[in-house]
Amino acid sequence: MVCLSGLKSFNQIKAIRRYLKNIITIKMKKIYRRVLLLGLVSSIGFMSSCEKEYFEPAPPPDPNDTTPSVDTVSYSLDMQPYFDANCVNCHNGGIVLNLSPGLSYDALNNGGYINLATPASSNLYVKINVGSMKQYSTPDYTAMTLKWIEEGAKNN
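The sequence shown begins at 486 in the working numbering and counts up one residue at a time.
No lab work stands behind these hints, which were simulated from the structure alone.
Wrong hints could be hidden among the right ones.
What the hints assert, rightly or not - Derived EDC-like pairs: lysine to aspartate or glutamate, alpha-carbon spacing no greater than 16 Å straight-line:
1) 632 / 569
2) 639 / 563
3) 639 / 591
4) 612 / 625
5) 639 / 556
6) 506 / 591
Since the model is a prediction, treat every value here as computed from it, not as a measurement.
All chains, please: the whole structure from these sequences, using the hints.
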């Protein structure tokens with residue numbers, strides 16, 4: 486009898502273990518399904534909230550058009566007048582960079598103040614943007630200088 490009661494008890498324990506294992510498995514499956522469903526709904530919500538903007542490309546410039554662009558910075562009309570009004574009092578030949586009319590363009594180009602490859606790292610732009618000459622510059626002049634360098638620093 487002892488053996489039978491022990492065997493019976495062992496079978497009951499085994500059945501209980503199977504039952505609990507099934508319950509846990511079912512609950513885990515439910516949790517897994519809920520997490521999966523939540524992830525799917527979140528992904529769909531995220532993807533549907535994204536917005537894509539479409540831009541039409543600008544037409545290419547006409548190579549035969551010789552009219553200067555309104556946005557083009559002119560050295561003789563924009564840069565040199567600013568130098569004359571704000572810089573030549575000090576930069577007139579006594580200081581390393583001579584910004585006097587007729588000499589300034591060559592001084593800037595030959596003195597290493599212009600970097601056409603990376604305009605924002607040009608010495609002229611750096612000095613007036615964050616360097617020692619920033620206090621004498623204006624945001625408009627700083628932007629104009631960068632634009633002039635980006636356009637090729639032409640003597641126009």
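Tested hints:
For a cut-off of 16 Å, the pair hint linking residue 632 to residue 569 is broken: about 19 Å separates their Cα positions. Between the alpha carbons of residue 639 and residue 563 the distance comes to roughly 12 Å, so the proposed pair stays at or under 16 Å and holds. A distance of roughly 11 Å separates the Cα atoms of residue 639 and residue 591; the hinted pair therefore holds under the 16 Å criterion. Distance restraint check for residue 612 and residue 625: the Cα-Cα separation of roughly 15 Å lies within the 16 Å cut-off, and the hinted pair is therefore satisfied.
A distance of roughly 14 Å separates the Cα atoms of residue 639 and residue 556; the hinted pair therefore holds under the 16 Å criterion. The suggested pairing of residue 506 with residue 591 is violated, with an alpha-carbon distance near 87 Å, which exceeds 16 Å.
The structure does not agree with the numbered hints 1 and 6 stated previously, though it agrees with the rest.
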